[in-house]
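Protein chains: 2
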Amino acid sequence: MTYELHYWPTIQGRGEFVHLALEAAGAHYLDVARGPESQGQGVQALQRLLHDKAEVHPPFAPPVLKDGAMVVAQTATILQYLAPTLKLVARNEGARIWTQQIQLTIADMVAEAHDTHHPVGVDLSYEDQQPEALRRASGFCRQRIPKFITWFETILARNPAGPRHLVAGRLSYVDLSLFQLVEGLQYAFPRAAAAALAGAPRVVDLHGRVAALPRVAAYLSSDRRLPFNEQGIFRRYPVLDLA
Amino acid sequence: MTYELHYWPTIQGRGEFVHLALEAAGAHYLDVARGPESQGQGVQALQRLLHDKAEVHPPFAPPVLKDGAMVVAQTATILQYLAPTLKLVARNEGARIWTQQIQLTIADMVAEAHDTHHPVGVDLSYEDQQPEALRRASGFCRQRIPKFITWFETILARNPAGPRHLVAGRLSYVDLSLFQLVEGLQYAFPRAAAAALAGAPRVVDLHGRVAALPRVAAYLSSDRRLPFNEQGIFRRYPVLDLA
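Protein chains in written order, with our numbering: chain S, 1 to 243; chain A, 1 to 243.
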């Protein structure tokens, strides 16, 4: 069975967390909106899915995963759905709950990173809310980045199975998501991220080991991995990097 | 076994979604931070839990549920953990994934509602960001409330088991959460909520039926239910109610 991932074709965005899980597991999947419209793919296929009046589980927003008749949206829910099959989560229920709790905390930080450049409205451009963005980024860089990164460092340090993974002694989807979060922070807020990561050696180590996983490394150097840009969640506006 | 719910004692906030699930199921639980400090409860007990250096699963933020040795944070994860025991979710995996997807969409809207009064910083007061709040609330009331409410109406209309519940033909935790979301919108944005709900009869009907559930009705009229106020997520600032 080939999974279908439906996401905007020009940005990493939230879809990237799903990409990383699929790639790290070596799963077969189709990145539908980046495929050719002549073969029923492209952005039109994504739009058809979003507006399909026959779909009983209509997605509110991308990313969306299709697995046969199963249609799942919300990044954390997609990961939770995929993880047992992709062997990216522990078997016991307590570990699964903890894994999802970490993922939702990563999602909270992703949303806050997004809001640094869109503090007053998603339907306005960054240029229309630049002064507000400066105020929001100040708190994000100076309070929120350190607070979140310290929490990730703490839970790595307290993992009874050791600090190589966030949950138990094996790779799980939250290790991949934390890698992507660090990547995004380093792109968008290089000075603020460096300051926070200077005190988080276990987070830095995990980030490096994820990047070096053979399948992840192959993905990152392929053209399937889009570069960061200023249309996505993590945008490099140097004026907002308030270390 | 008595559950312990740890949440700020003076606001409904995100803790309210957990309260409603516990109350609707008739579960025994202790609302720890509202208990007497003389009995080891109160805000100090919450603070101890948040800063417990021996906790291997330290919460990033309240609400936190303790169930014996199990410590769970993140509202949606707490609900997911509790729901099978409280019989507030369907048994099959597909329905559980759909339920969690709806809960995360409710959580997204809750976060956006919060950001109407705190668009540029959680560590600043509303009064320090009032002009920005006005801009943010405009988009929330005019675009986001209608978009979210329309989605809830659509998924009720498309539920193969009928429009009385969001998932399948029985009460689940997302019905309770949607009730609370509507309550909050009606408190904070009475005009904008009324405008959106005028086109969403199934949402209005579900809200009314949840309020009339005997255990929920008993809870809502008890002093265990805190009133909305201007320290929580849903705040009544009439100037932000931009219908």
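Careful: at least some of the hints might be erroneous.
Since copy identity is lost for identical chains, a pair holds within one copy or between any two.
[Claimed, not checked] List time: in silico DSSO-like cross-link candidates among lysine-lysine, alpha-carbon distance up to 27 Å:
id, residue 1, residue 2
1, LYS87, LYS53
2, LYS147, LYS53
3, LYS147, LYS66
4, LYS147, LYS87
No lab work stands behind these hints: they were computed from the structure.
Keep in mind that this is a model prediction, so the values were computed, not measured.
Hint by hint, here is what the structure shows:
no.	hint	result
1	LYS87 with LYS53	neither (34 Å within a copy, 31 Å between copies)
2	LYS147 with LYS53	between (43 Å within a copy, 16 Å between copies)
3	LYS147 with LYS66	between (35 Å within a copy, 23 Å between copies)
4	LYS147 with LYS87	neither (30 Å within a copy, 36 Å between copies)
When the structure is compared with the earlier hints, violations turn up for hints 1, 4 and for no others.
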